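On the provided structure of chain H, position chain Z as indicated by the hints.
Protein chains: 2
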Amino acid sequence: MIISALLTSVGINTGLCVVFFACYSILRKQPSNYAVYIPRLLAEGTSKRIPRFNLERILPFSNWVARAWRLSEDELLSLSGLDAVVFMRMITFSLKIFTFAGIIGIFVLLPVNCWGNQLQDFDVVDFANNSLDVFTISNVNSGSNWLWVHFFAVYILTGFICLLLHHEYKYIALKRLSYFYSSDPRPHQFTILVRSIPSSSSYGISDSVESFFREFYPSTYVSHVVIRRTNKIRSLLIEAKNLYKKITQLRKHNRQKNKQGDYFRLFGQDDGLIDQYGKKLGEIEQNVRLHQSENSLATEEARAAFVFFKSRYAAATAFHMQQSVNPTQWIAEPAPEPRDVYWPFFSESFMRRWISKLVVLVATTLFTLLFLIPVVIVQGLTNLKQLEVLFPFLTSILTIKFVTQIITGYLPSLILQLSLKAVPPIMGFLTSMQGYISHSDIESSACNKVIWFTVWNVFLATVFSGSFLSLLSVILDPKHIPERLAVAVPAQASFFITYVVTSGWTSVTSELFRIIPLLGSLITRPFSSPDDEFEVPSLPFHRDVPRVLFFGLLGITYFFLAPLILPFLLAYLCLAYIIYRNQFINVYAPKYETGGKLWPTVHNTMIFSLILMHMIALGIFALKKLSPASSWMLPLPVLTLLFNEYCRKRFLPIFIAYSTESLIKKDREDQNDPRMAEFYKKLVIAYKDPALLPFQYTSNTDDLFDPLLS
Amino acid sequence: MIISALLTSVGINTGLCVVFFACYSILRKQPSNYAVYIPRLLAEGTSKRIPRFNLERILPFSNWVARAWRLSEDELLSLSGLDAVVFMRMITFSLKIFTFAGIIGIFVLLPVNCWGNQLQDFDVVDFANNSLDVFTISNVNSGSNWLWVHFFAVYILTGFICLLLHHEYKYIALKRLSYFYSSDPRPHQFTILVRSIPSSSSYGISDSVESFFREFYPSTYVSHVVIRRTNKIRSLLIEAKNLYKKITQLRKHNRQKNKQGDYFRLFGQDDGLIDQYGKKLGEIEQNVRLHQSENSLATEEARAAFVFFKSRYAAATAFHMQQSVNPTQWIAEPAPEPRDVYWPFFSESFMRRWISKLVVLVATTLFTLLFLIPVVIVQGLTNLKQLEVLFPFLTSILTIKFVTQIITGYLPSLILQLSLKAVPPIMGFLTSMQGYISHSDIESSACNKVIWFTVWNVFLATVFSGSFLSLLSVILDPKHIPERLAVAVPAQASFFITYVVTSGWTSVTSELFRIIPLLGSLITRPFSSPDDEFEVPSLPFHRDVPRVLFFGLLGITYFFLAPLILPFLLAYLCLAYIIYRNQFINVYAPKYETGGKLWPTVHNTMIFSLILMHMIALGIFALKKLSPASSWMLPLPVLTLLFNEYCRKRFLPIFIAYSTESLIKKDREDQNDPRMAEFYKKLVIAYKDPALLPFQYTSNTDDLFDPLLS
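If you're matching them up, the sequences are chains H and Z in order.
Under full-length UniProt numbering, read the first sequence as residues 1 to 710, first letter to last.
Under full-length UniProt numbering, read the second sequence as residues 1 to 710, first letter to last.
Next comes chain H alone, as it looks inside the complex (with noise of 0.2 Å):
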């Protein structure tokens, strides 16, 4: 690529960053934008939407930013919970990195690139062409000494991540040890979720609860909860909604029309149709009420159910141990939080869990593979000879100058990025019939597939420029994986250069814009009253930490082979840390908390990315003939890997469960608190299906007390 192709992106899209802040600025304060830019504060009441006009309103102030970069980690912690501050920690971990690798790539390894002349060597005709390459490292001199300097490069930006890794996991995990000590008894702590209760025909799925739990835990059992079904009444609650949301538009409707007068006689139907509506919701919500007492077959037990115990210790023991003589029965494990359950899929038994946990799998892998037919189309149209072949009438346009280069520079990742948007929802929603009990397990394990999606379908299918067969050629190959990424890796330097200015400089301002919550609240305001409940969103985590990490993937992998990117970078980072941070403020509101359970997923795909960058740097050695480099590099991924081996054993189990001092420590404190009979109480009845909740329907008034929101 040019120079003045990238040159002509980063223009476009800093002019494009410059306008969103700018609008930004100003939409933000108008009241009608609220529930856009700060559904966070209109529910908490911090903001009132009063429309009083004065001249701030429309000059594009941006203290907004100050207040995002004043913000302090504990007041992010209680904002918005220790998974939006290991977010952000996994922000400022990368800018960390990537000022570190900036430095040494800009000042040390670009003047080195810059020096050599391999290029000019062989490729004097199409210097031109090929101007951004200069910059690169395959601008060195075959078998140079100079290539020493990227040697010790590699060596130090390792050393340098893994002494911060080391840092952050050891960081997170005694942040996430003080939340917890810090922390009110929760209901979940004191509970577990038992699957595949064995079921017999004389007893009822809780009459074995309760005998199995009382004869092995008589000293700490306190009460279960059954799970029922309840599919059926979630699709007539769904069905109720849509009908109500219905009548409510032809009330307005009909509210407006009196105050026009009689212009439009022709809707006079709209009382009828109010009426027929209204009965049908009637006959809903006595299905309903049918579907939610005891006894009802549309709501049968399944073998599955909530068991709360005396003891934070009581709980972790109950899911730690094999349960049963048979390990495929009362299969227990930690319960989420209650507002964090994911009730509609409780596949109880245990092969119908495996079962769709193998066909989701497969679903997800041939998703991943036959994703690779656009991204070969994007990579057909940054060529622009075979654009003029296939379309032959926009020869005329491809002439002019401007055209060529935003097709070459903008439009190819542009298409790449929004068919990408789709990816994250799809996972997720794959995700979601896998048999997770709650969003965060959905969510994170969304979040690792989108995280190998992207490595597959945007690095590796780029890198090797495209087709599913020859991608799969390079992996059953695997002697020859260092040679072949080090011939195509560079190649497609300047393609990632621009890709990080369009999509993620894109990416992270349209997430400060919020396109399509805008665009959405702009549609359908003139049908909803600003008193209408809305619903305050949370952060996507696995919509935006695949994101971060992809970048932090390919600043790593380019890092010696083309420092030019790490600029780009930067600014990436620095626009998501202050942008971010702003939107924990105004828009986020936790939908759950992990407690940081996040971490181990940044560190290990860190951990790939700099195997990636050792296996890239292998074959550039070896390629480049400097073969004592090459040997040299072999210690550099078996020590990573070493590293990351005792990182495992040393902190992932903090991640994974508390330990019994921690446990027991937190127990006793509890004892002597006398608003623990108060939480004893709550805890029973903290688990609840929003299914089951009264519908409360009266088809007289506006209110509609609206269960599956809560």
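Since the hints were derived computationally from the structure, they do not count as laboratory data.
The structure displayed is predicted, hence computed values, not measured ones.
Mixed in with the good hints there might be a few duds.
Claimed, not checked - Straight-line distance between alpha carbons at most 16 Å, and here's what the computed EDC-like set of lysine to aspartate or glutamate pairs gives:
#	chain 1	residue 1	chain 2	residue 2
1	Z	K170	Z	E645
2	Z	K357	H	E645
3	H	K665	Z	E215
4	H	K252	H	E215
5	H	K682	H	D184
6	Z	K666	H	E215
7	H	K479	Z	D477
8	Z	K310	Z	E678
9	Z	K665	H	E215
10	H	K666	Z	E215
11	Z	K479	H	D477
12	H	K357	Z	E645
13	H	K310	H	E210
14	Z	K682	Z	D184
15	H	K232	H	D184
To be verified - Residues of chain Z clear of chain H, computed beta-carbon distances all greater than 10 Å:
#	residue
16	A22
17	F100
18	Y577
19	M615
20	Y658
21	F679
Cβ atoms here follow ideal geometry from the backbone N, Cα and C, with glycine treated the same way.
Chain Z in isolation, oriented as in the chain H frame:
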């Protein structure tokens, strides 16, 4: 290989077997050999060494065969424990498989193979030299529909084996549970081993263990024993033992001299020597007593302790839970039986154990790889022409037909087998440095290592005829593994048939004959009195299990390639069946009891063998130009792996730890047992390092209590 060479080999080995059987039947009745052939009965006092002569003693009656045959599983269980039962079930399991496979192989596949004329068409000249290949799949015509017979045979055998595997896993899991239920209270059920105890300058190790468990397990903690480093005492004791042996030998010598009169006054210095040794022994005795005292520096406390609990359930919860906030401290694991503890190596710190484990793994890998050199030499020996080139003086001998046949048919695998004899002890030694705390863990880990060693060094190295690099290139090119296996494996059919006959038959009859112990006894007999203490041996599982499993692997992989191997394998298994049962009755006493933990290893190896067979089948059908069969072979390994995954979930947990249900039931049974008070008293002193036991030595009596033997 030509048929006559195989027949020679079979003839020699059958002869050897008959001779061994006859010799054994006579020799075992000689009282002087009782210590070799019936040490177990001798130690139990069932048989006495009465040197009474009768005719029966020199007639080769084989009534021992009948006794071994009649032994029921329950008798075996009470004699040698569950581990012996599982070992025997491994053999009967293989017998069942290969009877089924043999029927299909001999009556269906063999005729199909002979029917073909692929080899006749191409190798007219070499036909005589390849006559064994007529019975293999190589003889079936390419693209012939008869290959579908092989295809279905593979499917049927896989199904049969999976069914049997499921049945056996279930059976043994139930056996394990019923064994647990029927067992008396055992110390190791109430005990955990804690390592990496954090040391502090103010507290001793013992105090910190006491305070930790008093704090977190106040109601169930009983007591603890801190482990002390006794390497020095151990070496002193060995020295003392050797000195004592020398003294007794000298004394015996003196006594004989006194009887014979003064012929050999030359040996008068014996008395002086005895005094000298006696003095040394006295010094050592003092030294040992000094070290054994509580405050000795030589036996400082290690950062590890056995901790005793009131109930099995309490002990189990303690090792299931992570104890401390720092996962690398207070690491708990189930304690082994007191007799099973491997005292010499208590590397107690987390890092040291981890590093020693890594070092041992690297050493094992290197050993496995370097071992190929003798294998290559052995492979060279099968090639007569190479021999003639290397040793020209042999040319005249090599022209004799009988010698040729011995060399090609017998010698190669004999040499291979002899060098393989050294592997299990070496693996056992290496594994013992890995930080395991019990003999059973060491043997089971060594067992796995020996299995992989055998698969790599005997199977793969033979198949790909030898060189390390060619092997590595196969592994690093996974796409072509089935193809290369399909070319190489059938070519070695005759070698492995001979291998079964020589290595298999010989090893199992020499197991009966106990050549090495017999030779040892013959050599040391002049120096030992019949009243000497002798050790009852235990079956070294890591030597015998891999051998049986490897023959299973050969049988499964060659089943459809060269069914001729099956009758020889069946003969081997029948021999093994009778002989090992006899050895369990007469020779081996169990050194420890793991409750059948061996079975998962057997199961995994069988699954591996199946997958290997599928790989080869995949390649063969592709090679034979029957591609639909090759594609339809693909689901089979996937299904097999799914079956394995199911078994892992359904049965494996039972072999790892007991469930709450079993533990609490068992604990309840004991609650009302009046003998429990007595048991708790014994429990506290059950774990005692033999090196710290009182060292009774008086230089005036001949009696030396030897703590190393207990």
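Quick rundown of the hints versus the structure:
1. Distance restraint check for K170 (chain Z) and E645 (chain Z): the Cα-Cα separation of roughly 15 Å lies within the 16 Å cut-off, and the hinted pair is therefore satisfied.
2. At most 16 Å may separate the alpha-carbon atoms for a hinted pair to count; K357 (chain Z) and E645 (chain H) meet this at roughly 13 Å.
3. This hinted pair checks out: K665 (chain H) and E215 (chain Z) have alpha carbons roughly 10 Å apart, not beyond 16 Å.
4. For the proposed pair K252 (chain H) and E215 (chain H), the alpha carbon gap of about 60 Å is over 16 Å, so the pair is violated.
5. Taking the CA atoms of K682 (chain H) and D184 (chain H), the gap is about 13 Å. The hint holds against a cut of 16 Å.
6. At roughly 13 Å between alpha-carbon atoms, K666 (chain Z) and E215 (chain H) fall within 16 Å of each other, so this suggested pair holds.
7. Straight-line distance between C-alpha atoms of K479 (chain H) and D477 (chain Z) comes to about 7 Å, which keeps the hinted pair within the 16 Å bound.
8. Between K310 (chain Z) and E678 (chain Z), the direct Cα distance comes to roughly 13 Å. Compliance with the 16 Å bound is thereby established for this hinted pair.
9. With a CA separation close to 10 Å, the supplied pair K665 (chain Z) and E215 (chain H) stays within the 16 Å bound.
10. Between K666 (chain H) and E215 (chain Z) the alpha-carbon distance is near 13 Å, which keeps this suggested pair within the 16 Å criterion.
11. Between K479 (chain Z) and D477 (chain H) the alpha-carbon distance is near 7 Å, which keeps this suggested pair within the 16 Å criterion.
12. Between K357 (chain H) and E645 (chain Z), the direct Cα distance comes to roughly 13 Å. Compliance with the 16 Å bound is thereby established for this hinted pair.
13. Of the pairs offered as hints, the one joining K310 (chain H) and E210 (chain H) holds, with about 15 Å between alpha carbons and a cut-off of 16 Å not exceeded.
14. Pair hint K682 (chain Z) plus D184 (chain Z) holds up; C-alpha atoms about 13 Å apart against a cutoff of 16 Å.
15. For a cut-off of 16 Å, the pair hint linking K232 (chain H) to D184 (chain H) is broken: about 36 Å separates their Cα positions.
16. For A22 (chain Z), the non-interface assignment is confirmed: its Cβ lies about 49 Å from the closest Cβ of chain H, beyond the 10 Å cut-off.
17. With a least beta-carbon separation of about 28 Å from chain H, F100 (chain Z) lies farther than 10 Å from that chain, consistent with its non-interface assignment.
18. With a least beta-carbon separation of about 31 Å from chain H, Y577 (chain Z) lies farther than 10 Å from that chain, consistent with its non-interface assignment.
19. With a cut of 10 Å on Cβ distances, M615 (chain Z) stays outside the contact zone with chain H, its closest approach being about 14 Å.
20. Some Cβ of chain H comes within 10 Å of the Cβ of Y658 (chain Z); the nearest lies about 8 Å off, and the non-interface call is violated.
21. At the 10 Å boundary, the C-beta of F679 (chain Z) stays outside the reach of chain H, the nearest C-beta of that chain being 23 Å off.
Of the hints listed earlier, those the structure fails to meet are numbers 4, 15, 20, in rising order.
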